[in-house]
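K.L.:
Just so we're on the same page, our numbering is the position in the sequence shown counted from 1, plus 2.
Keep in mind that the hints were calculated from the coordinates and are not lab data. Owing to the predicted nature of the structure, the values given are computational and were not obtained by experimental measurement. Hints are not guaranteed to be accurate.
DEER-style ranges, computed between Cβ atoms [what the hints assert, rightly or not]:
# : residue 1 : residue 2 : range
1 : Gly105    : His139    : 31 to 41 Å
2 : Lys39     : Glu150    : 26 to 36 Å
3 : Ala166    : Glu210    : 18 to 28 Å
4 : Gly158    : Gln194    : 11 to 21 Å
All C-beta atoms, glycine included, are put in the ideal place defined by N, C-alpha and C.
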Amino acid sequence: MSDTLYTIENDRSHEIKIQRSRFICSMRHVTSLEDAKAFISEIAAQHKQANHNCWAYVVGDNGELFHASDAGEPSGTAGKPMLNSLKRHNLTKVSVVVTRYFGGIKLGIRGLIEAYTQAVEECIQTHPLKKILYLRHFNIVTDYGFAETLKHRISGLKGNVADASYTDKVTLTVDVEMDNSQSLFDFLTELQQSGTLKFHEMDHAEVEE
3 MSDTLYTIEN
13 DRSHEIKIQR
23 SRFICSMRHV
33 TSLEDAKAFI
43 SEIAAQHKQA
53 NHNCWAYVVG
63 DNGELFHASD
73 AGEPSGTAGK
83 PMLNSLKRHN
93 LTKVSVVVTR
103 YFGGIKLGIR
113 GLIEAYTQAV
123 EECIQTHPLK
133 KILYLRHFNI
143 VTDYGFAETL
153 KHRISGLKGN
163 VADASYTDKV
173 TLTVDVEMDN
183 SQSLFDFLTE
193 LQQSGTLKFH
203 EMDHAEVEE
């Protein structure tokens, strides 16, 4: 995951009017393909009388699953521009629907592309995005005499000591961003092989900030 990815936290909606047509953009954070499709169906049901309910989604830890639909608009004028906006902002785990109530004036191919793009872009910008961080967790056990040195080295390798407990040994719970984790992993492995500490890796986690 070389690119920083983002998502949204809460549902958001934004409406624009162009040449008497209403474009209502609805957006939701989703965690699966099924959730994305369910949201699309939900919005379409709410706007049964609309001329079009065009949609796009991007899901997956790396944004690897995505699809879009023009929903009756001329091919390439709605779904693809909407999807391009999501990708331009490095968004994932997001489903979006733009509902159009036709106002009687045709916009043409270029006008439609610009309208659907504008609707999504302005909806995205209504609230700050949430940066997605993928973390690796390590549980480390060492002696008291090495604990402070170890914490200093962990910090230098971009790790964060999230918790520490002190019994007969010192036990540290350490988080590190996935992209920065290999150096810390190699460092811990070397120390474990020398008998200086013991560690094991816990489940990976996703957090949003």
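K.L.:
Each hint: holds or not?
P.N.:
Tested hints:
1. Distance hint for Gly105 and His139: a CB-CB separation of about 53 Å, inconsistent with the stated range 31 to 41 Å.
2. At roughly 52 Å, the beta-carbon separation of Lys39 and Glu150 lies outside the given 26 to 36 Å, and the hint is violated.
3. Under the hint 18 to 28 Å, the C-beta atoms of Ala166 and Glu210, about 25 Å apart, fit the expected range.
4. The hint said 11 to 21 Å for the Cβ distance between Gly158 and Gln194, and at roughly 18 Å that hint holds.
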